[in-house]
Amino acid sequence: MMQHHQTGRPAAGPSSNASNNSGNTVINRSKVMKNSREAPAASAASASTPDAVHHHHPHHHNNNNNNTTALKGGAASAASASNEFKTKTVLKEAVDAVVSSFAKHSQGYGRVNVVEALQEFWQMKQARGADLKNGALVIYESVPSSSPPYVCYVTLPGGSCFGSFQNCPTKAEARRSAAKIALMNSVFNEHPSRQISDDFIEKAVAEARASFKGDPDEADNPNTGIGAFRFMLEANKGRTMLEFQELMTVFQLLHWNGSLKAMRERQCSRQEVVAHYSHRALDDDMRSQMALDWIAREQETPGIVSRELNMAERELEAARLAGRELRFPKEKREILMLACSQVAHGDGLSS
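Using this note's numbering, the first residue of the sequence shown is number 6, and each one after it goes up by one.
Bear in mind the hints are in silico, worked out from the structure with no lab data behind them. Check the hints yourself; a few may be wrong.
[Unchecked claim] Here are the simulated lysine-lysine pairs, DSSO-like style, with alpha carbons at most 27 angstroms apart: (1) 242 - 208; (2) 208 - 266; (3) 242 - 138.
All of these numbers come straight from a predicted model, not from anything done at the bench.
Based on the provided sequences and hints, a complete structural model is requested.
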C-alpha cells in the first residue's frame with residue numbers, strides 16, 4: 006500500500022488521441038516557460054491573420070465597398086486585439102501567482118518550497134471560482150521503499166497525476182520533484198488553449214474521428230464512441246483539461262476493462278453511460294469492481310493478470326520519467342495489483 010499525504014486545508018468534498026489533450030509539458034523548465042511565453046504570441050498571430058491579409062484592388066471596388074471593408078477590418082482587428090489581451094492577461098496572472106509563491110517561500114540559496122507553492126496555486130484557482138468538486142486539496146503518495154531512489158506521486162484537484170521524474174536520494178526530494186512537474190503543468194494549463202471551448206471541442210472531435218476513420222455523422226450521434234466523447238466534452242465546457250482528467254480516466258478504464266462493450270451489449274446507450282459515470286468518483290469501489298472482472302479473466306486465461314500488470318508498470322514508469330500525466334497507467338496498475346493479490350489469496354485457500 007502507498008502512503009498518502011495531504012497538504013493544505015482539507016476541503017469539502019478513453020485510450021485515444023483525446024488523451025493527448027491532458028496538458029502535458031516537457032520537464033525542462035526553460036522549455037516549459039518558453040512554451041508558455043510563445044503560446045499567446047502564436048494564438049494572437051493566428052487570430053489576426055485574416056485581418057492582416059487584405060488585397061486592395063482600387064479598380065474593382067467603389068468607395069462604399071472600400072469603406073465597408075475598412076469598417077469590417079477595423080472591427081475584426083479590434084476583436085483580435087481584445088482576444089490577444091485576454092490571452093496574455095490570463096497567462097500573466099497564472100505566472101505571477103507562481104512567482105509570488107516562489108518569492109514567499111524562498112528559503113535561501115535559491116531554493117523554493119514548490120510543495121507549498123503548488124498547494125497555494127490550486128487554492129487560488131478555487132478562490133477565483135474554479136469548479137473543483139473535491140476542493141483544492143493536493144494529495145501526495147510515497148511509494149514504500151527502504152532505499153533510494155525514492156518515488157512520489159501527486160494527484161491534483163480534477164484528477165491529473167504526475168510523478169517524481171528525477172533520481173531522488175530522499176523522500177522529501179521525491180515529493181519536491183513531483184510537485185515541480187505538477188506546478189509547471191498547472192501553470193501551462195492556464196493558457197486559454199487548454200480550456201474546453203466550442204473550438205476546442207470541434208478540433209478534439211475531428212482528431213478523434215480522423216484517428217478512427219469514423220463517419221462524420223457519428224460525431225452528432227450520442228450512441229457512438231465519438232458522439233459520446235463530444236457529449237462528455239460539451240458537458241464540461243469551460244473547464245480545463247487538467248480539471249477534466251478524472252472523468253477522462255474513468256472512461257479510459259471502462260474501455261480498457263471491457264465495461265463499455267458489456268454495457269453496449271446490454272443495450273445501454275453511450276449517452277446514458279456518460280451521464281451515469283459523470284457523477285461517479287474514481288474510488289476504491291470502482292477499482293474493486295474492475296479487479297473482479299480481471300479475476301474472472303484470470304480463471305479463463307491463466308497468467309493474463311500478471312502480463313497486464315507488467316505492461317502497466319512499464320507504461321507507468323516511462324510516463325513518470327518523461328514527466329507526463331500518468332493517472333491512467335497508475336490506476337491500471339492499482340486495479341491489477343488488487344486483482345493479483347486476490348488471485349494469490351484464492352490459490353492459497355484452495356491448496
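Q: Would you check the hint for residue 242 and residue 208, treating anything up to 27 angstroms between C-alpha atoms as holding?
A: Between residue 242 and residue 208 the Cα gap is close to 14 angstroms, so the pair holds against 27 angstroms.
Q: Sort out whether residue 266 lies within 27 angstroms of residue 208, counting only the CA atoms.
A: holds, 26 angstroms
Q) Keeping to a limit of 27 angstroms between CA atoms, is the pair of residue 242 and residue 138 held or broken? A) Roughly 15 angstroms separates the two Cα atoms, so the pair holds.
In summary, the structure agrees with every hint in the numbered list given earlier.
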